[in-house]
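Engineer: According to the numbering used here, the sequence shown is numbered sequentially starting from 1.
Quick caveat, the hints were computed from the structure, so don't treat them as lab data.
Do not take every clue at face value.
Quick list of simulated restraints, FRET-style, between CB atoms [said to hold, decoys possible]:
no.: 1; residue 1: A72; residue 2: C51; range: 18 to 24 Å
no.: 2; residue 1: S23; residue 2: P71; range: 17 to 23 Å
no.: 3; residue 1: R57; residue 2: G85; range: 35 to 41 Å
no.: 4; residue 1: Q83; residue 2: P60; range: 33 to 39 Å
no.: 5; residue 1: L44; residue 2: G12; range: 26 to 32 Å
no.: 6; residue 1: P84; residue 2: S23; range: 28 to 34 Å
Glycine residues also receive a C-beta, built at the ideal position from the N, C-alpha and C atoms.
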Amino acid sequence: DSGLMHVAAAFGVPQVAVFGSSSPLHTPPLNARARVLWLKDDPLYTPPLDCAPCFQRECPLGHTRCLNDIPASRVLAALRELQPGA
Numbered sequence: 001d002s003g004l005m006h007v008a009a010a011f012g013v014p015q016v017a018v019f020g021s022s023s024p025l026h027t028p029p030l031n032a033r034a035r036v037l038w039l040k041d042d043p044l045y046t047p048p049l050d051c052a053p054c055f056q057r058e059c060p061l062g063h064t065r066c067l068n069d070i071p072a073s074r075v076l077a078a079l080r081e082l083q084p085g086a
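From just these sequences and the hints, can you work out the full model?
Structural biologist: So this is what it looks like as structure tokens:
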């Protein structure tokens, strides 16, 4: 599921990589022009997301908070950081 992220990183394409059930500690985009969004390491996110990373394709708890709780505004802010003036 991360193949295109790694191809983009190899070519230096700016990207925002959103991690949910997986971990950027294991498979981050290796590109200085990449931003990683992951609730597990977000000190402002409460309550802490203790179930991540679970490395499952489907949420064993049935809530997918690891993805659903990342606000679109945070993704847009990361995109704007990579593309000033866009």
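Engineer: For each hint, tell me whether it holds in the structure or not.
Structural biologist: Status of each hint after checking the structure:
no.	hint	result
1	A72 - C51: 18 to 24 Å	22 Å, holds
2	S23 - P71: 17 to 23 Å	20 Å, holds
3	R57 - G85: 35 to 41 Å	38 Å, holds
4	Q83 - P60: 33 to 39 Å	36 Å, holds
5	L44 - G12: 26 to 32 Å	30 Å, holds
6	P84 - S23: 28 to 34 Å	29 Å, holds
Every hint from the earlier list agrees with this structure, and none is contradicted.
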